[in-house]
Amino acid sequence: MSFFGFDPSAPPSNRGQNEAYDFEETYDGLGDQLDEGDDAFNTDTFGNADNIGKDFDFGAASGIAPVKPALQPPVQTISYAQAAAQPTNDDDFMQDLWGADVPPTKSETSAPKPEKKILSLEEIEAQLTAIDRQQPQQQHMPQYPPQPYGMPGMLPPPPQFGGYMLPPAGFMPQQYGQFPGVPYPQQLQPQGLQPGQLPPQFQQPLQQAPPMQQQQQLPPPPQQVQQVQQQPPQPQQVQKVEAEPQVSQPVNIVPNVAPQSDRSADLSQFPVLGSKEAQLQAQAPVHHVQHQQHQHQQQQQQQNQYRQNDNYHRGYDRNQRRAQHQHQQPQVELTPAEEEKLSRRQEKVARIMKYSGIMNPKDKDFVTRFQLSQIVTEDPYNEDFYAQVFKVIHPKVNNAAIDHSHQNNSIAQAYLDQSGHRLGGRFKRADVALQRMQQQVQRAVTVAKERPKLTQYAREGALGKISFGSGKKPRQQLEIISKAQQRKLEAEQKGEVGGSSDKHKYSNRDIMSILENIITELMNIESESRTNSDVDNSNLWESLKVLEQSSLSGDEEAEVNPFIQCLNYHKALKILPRLFKFLSTTQVLTIVTLIISNLENLSVIKNGSYTTYESKKVPESIVKLVESYSLTFSKVLMNAVLEFKFTDITGLLFILIEHNNVSFVSTTKIGLTILTTLLSRAELILGEGSISATDLSEWSSCYDQLFQNLESRIAAIFPPHPEDVDDGSSRENYVWQFLATLSLGGKLSHQRIIVDEVRDEIFGVISRAKAIENTDLVNLPKKQNLLNNLNMYLVVMGLVADENEIKELQT
Amino acid sequence: MSTLRTGQQSQEPLDLIRFQLDEFVLVKLRGAREMKGRLQGYDSHCNMVLSEAQEFIFNETDSEPIVKKTEMVFVRGDSVILVSPTTE
Numbered sequence: 027m028s029f030f031g032f033d034p035s036a037p038p039s040n041r042g043q044n045e046a047y048d049f050e051e052t053y054d055g056l057g058d059q060l061d062e063g064d065d066a067f068n069t070d071t072f073g074n075a076d077n078i079g080k081d082f083d084f085g086a087a088s089g090i091a092p093v094k095p096a097l098q099p100p101v102q103t104i105s106y107a108q109a110a111a112q113p114t115n116d117d118d119f120m121q122d123l124w125g126a127d128v129p130p131t132k133s134e135t136s137a138p139k140p141e142k143k144i145l146s147l148e149e150i151e152a153q154l155t156a157i158d159r160q161q162p163q164q165q166h167m168p169q170y171p172p173q174p175y176g177m178p179g180m181l182p183p184p185p186q187f188g189g190y191m192l193p194p195a196g197f198m199p200q201q202y203g204q205f206p207g208v209p210y211p212q213q214l215q216p217q218g219l220q221p222g223q224l225p226p227q228f229q230q231p232l233q234q235a236p237p238m239q240q241q242q243q244l245p246p247p248p249q250q251v252q253q254v255q256q257q258p259p260q261p262q263q264v265q266k267v268e269a270e271p272q273v274s275q276p277v278n279i280v281p282n283v284a285p286q287s288d289r290s291a292d293l294s295q296f297p298v299l300g301s302k303e304a305q306l307q308a309q310a311p312v313h314h315v316q317h318q319q320h321q322h323q324q325q326q327q328q329q330n331q332y333r334q335n336d337n338y339h340r341g342y343d344r345n346q347r348r349a350q351h352q353h354q355q356p357q358v359e360l361t362p363a364e365e366e367k368l369s370r371r372q373e374k375v376a377r378i379m380k381y382s383g384i385m386n387p388k389d390k391d392f393v394t395r396f397q398l399s400q401i402v403t404e405d406p407y408n409e410d411f412y413a414q415v416f417k418v419i420h421p422k423v424n425n426a427a428i429d430h431s432h433q434n435n436s437i438a439q440a441y442l443d444q445s446g447h448r449l450g451g452r453f454k455r456a457d458v459a460l461q462r463m464q465q466q467v468q469r470a471v472t473v474a475k476e477r478p479k480l481t482q483y484a485r486e487g488a489l490g491k492i493s494f495g496s497g498k499k500p501r502q503q504l505e506i507i508s509k510a511q512q513r514k515l516e517a518e519q520k521g522e523v524g525g526s527s528d529k530h531k532y533s534n535r536d537i538m539s540i541l542e543n544i545i546t547e548l549m550n551i552e553s554e555s556r557t558n559s560d561v562d563n564s565n566l567w568e569s570l571k572v573l574e575q576s577s578l579s580g581d582e583e584a585e586v587n588p589f590i591q592c593l594n595y596h597k598a599l600k601i602l603p604r605l606f607k608f609l610s611t612t613q614v615l616t617i618v619t620l621i622i623s624n625l626e627n628l629s630v631i632k633n634g635s636y637t638t639y640e641s642k643k644v645p646e647s648i649v650k651l652v653e654s655y656s657l658t659f660s661k662v663l664m665n666a667v668l669e670f671k672f673t674d675i676t677g678l679l680f681i682l683i684e685h686n687n688v689s690f691v692s693t694t695k696i697g698l699t700i701l702t703t704l705l706s707r708a709e710l711i712l713g714e715g716s717i718s719a720t721d722l723s724e725w726s727s728c729y730d731q732l733f734q735n736l737e738s739r740i741a742a743i744f745p746p747h748p749e750d751v752d753d754g755s756s757r758e759n760y761v762w763q764f765l766a767t768l769s770l771g772g773k774l775s776h777q778r779i780i781v782d783e784v785r786d787e788i789f790g791v792i793s794r795a796k797a798i799e800n801t802d803l804v805n806l807p808k809k810q811n812l813l814n815n816l817n818m819y820l821v822v823m824g825l826v827a828d829e830n831e832i833k834e835l836q837t
Numbered sequence: 011m012s013t014l015r016t017g018q019q020s021q022e023p024l025d026l027i028r029f030q031l032d033e034f035v036l037v038k039l040r041g042a043r044e045m046k047g048r049l050q051g052y053d054s055h056c057n058m059v060l061s062e063a064q065e066f067i068f069n070e071t072d073s074e075p076i077v078k079k080t081e082m083v084f085v086r087g088d089s090v091i092l093v094s095p096t097t098e
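These protein sequence lines map, in sequence, to chains A and B. Residues in the first sequence are numbered from 27 upward in steps of one, following the numbering used here. Residues in the second sequence are numbered from 11 upward in steps of one, following the numbering used here.
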């Protein structure tokens, strides 16, 4: 059901708007189809509209007005017993649900109802007119034409009603007769609090107008409502229709007079509220008994009725409690601000709900069908519905043998086959537009199917691999996996669990031996070079064993290329500068490539990240090795990179990104230094401006990839204890150097991201600099160094920081 | 630094010492002494130069050895009983 208790399965207005003025035609038993089961929660859904304001626009929907009043009263006067006797419209509901609109049955079922009601209507009118004669303000009535309840197309009431929806015809009266206005008092309370301000007309129609209008008039304070509630004694509910209006109508009149003149009188009657509940409970069993005999429509209707009662009873209880609460302090005037607030809220709710429910399910179905018809296939066939659905869900089962291109379209095809069915199947040719739409759908499905396979993106993504989800295997949010683990997994998938057997394992002694050999060869070549300027370095190159066994980051330690293993020893580092002197550029590039692809095998990287230690501190031995690297390897690399071509550098960066977890490498000092070295060299070459367009695009994609890998983890390059990195005693700080280089290579958007991520660190440095007193002559240089290092980064973005603030760089 | 040797990778006993060049070694000496230090050099007599060295002097009475630290020390080969790799 809809929010408003309006049964979405109500038949469309296709019976003709013109006929709507004929009572016989308009009353089609719509209300009987409603399921008001959840109406009690309307207040929960739409809020407790305490103030609906006074700018009611009752004229808005007045077009069909005059007939309605006559239509409504009978509805209201139906007792529960009567309502229970009404035939249900379940068949219609099912038809609507399944789209098979068979109006004939509907008219059949609804036909008897109007007759019953006409009888009661006459009686009620007679009573009403009698009452009206006593009322002086009769003439106001016409100004408030009732809402077109009987018209399905018009069903959503205008928002002027203050946000709550008026229940459709068949439903409201029953409710009203027994719980007059129960759900409404709180919503309309604000007006009830100031009854004197209500225009007399507003309440006047109550006596004359049919019950539907009474809903508009509900604003009378809760006392009125409650008064009404107590009035109908239990027997009346079981009474015939004719009897009830006599009681309920007069009751409605009383509130109009009483609350304005004397509130306390109403209050005195209030306590009787409980009796109403008792009535309901007494009545319930009756319905329950009938409920058990599912023999014909009437009983089904009764069942519905019972359900309504039950639900209403619950809602009623709650509402009544609220009403009671409000009732106890009725004199509390809302401040203008509060009123304003409430009315604004009311307006908002009204605006939100203005168009809700404007389309009934049939309308929606029509639109859906219309849309589906746009993508119809030209040659659908009438097959079993379930077979088609199965085909849609499991295209491969049916098309296993069909070639790939066809499979791409099988979903679309199946879908189109199915929806084509609706347009009349193969016997109607789809027109050109439909064919075009069909092609579009096929294309869309094809494109979707051609999305990258899982493995293609396995190495991408800043934090691991991007995973694409499918219906059966939803996308994981994030997959963080180290290269080593990843390779292990891949090996397992290939069934190579013990696949490393073909690789030579190097013992510690092997490595030492190789290393000593290198040194020996180096010394040989050094001594040779003293006498001969043109030396043959092949022996030395052989001894390096750079090409002896290829390995990648994450390989088992003993299987890593021996040269890489050698680099874990101080003595290897010490000879590096001497070694590189005798190597050709190609050889150097080979070595650097090997190192870059094995970064995570270097103990200085593998064990050099604070992130791997619980104490967030790198152990002393590694720190020493790192120092050794900075003094030797970093300098050698920097010199070597100077010889590299631009493409070499981008290639190295690609290798680095591919074979290493960049965000991990960046948390180590040496890793970051290597990145800085490569990036800064690339940017220097870029600055020279002699780069071809292809190289340039290569570079930008390289940078983007790198950045992608670093993004959101940039702050992690700062070790947890900034003093470890930069206590101000050194003239440079590799972290700020790296950030400066990274920013230099990036676009403005990159720079923004970087600044965002390291903002805390920037201010951290500034505050640390500020902490050093200007009078502290010993530490004053440190302060300057701290700021200088920070500014090295900030200057890239045209900023400069002092101990107090960050300013724009003055040129 | 290491002694200049043009010898090949021939497997000779002193290679074990050669491989430990620039690494920390434990040298056991006559007179209930041990030396730990970074091996800076050696020769065929097992004369050795150790840096960052620590000398442990064991005596019969005290269970705790006396420790002497030396920046750089020459160990004469005739007192060397054994040389083995060690950690710092």
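Hints in this document: simulated from the structure, not taken from any laboratory. Incorrect hints may appear among the rest.
Said to hold, decoys possible - Calculated pairs, PhoX-like style, for lysine-lysine (alpha carbon to alpha carbon, straight line, at most 20 Å):
#1 B:38 <-> A:597
#2 B:78 <-> B:38
#3 A:650 <-> B:38
#4 B:79 <-> B:38
Here is how each hint holds up against the structure:
As the CA atoms of residue 38 (chain B) and residue 597 (chain A) are separated by approximately 24 Å, the hinted pair breaks the 20 Å bound. At roughly 15 Å between alpha-carbon atoms, residue 78 (chain B) and residue 38 (chain B) fall within 20 Å of each other, so this suggested pair holds. For the hint pairing residue 650 (chain A) with residue 38 (chain B), the CA-to-CA distance comes to about 27 Å; that exceeds 20 Å, so the pair is violated. For the proposed pair residue 79 (chain B) and residue 38 (chain B), the alpha carbon gap of about 16 Å is at most 20 Å, so the pair holds.
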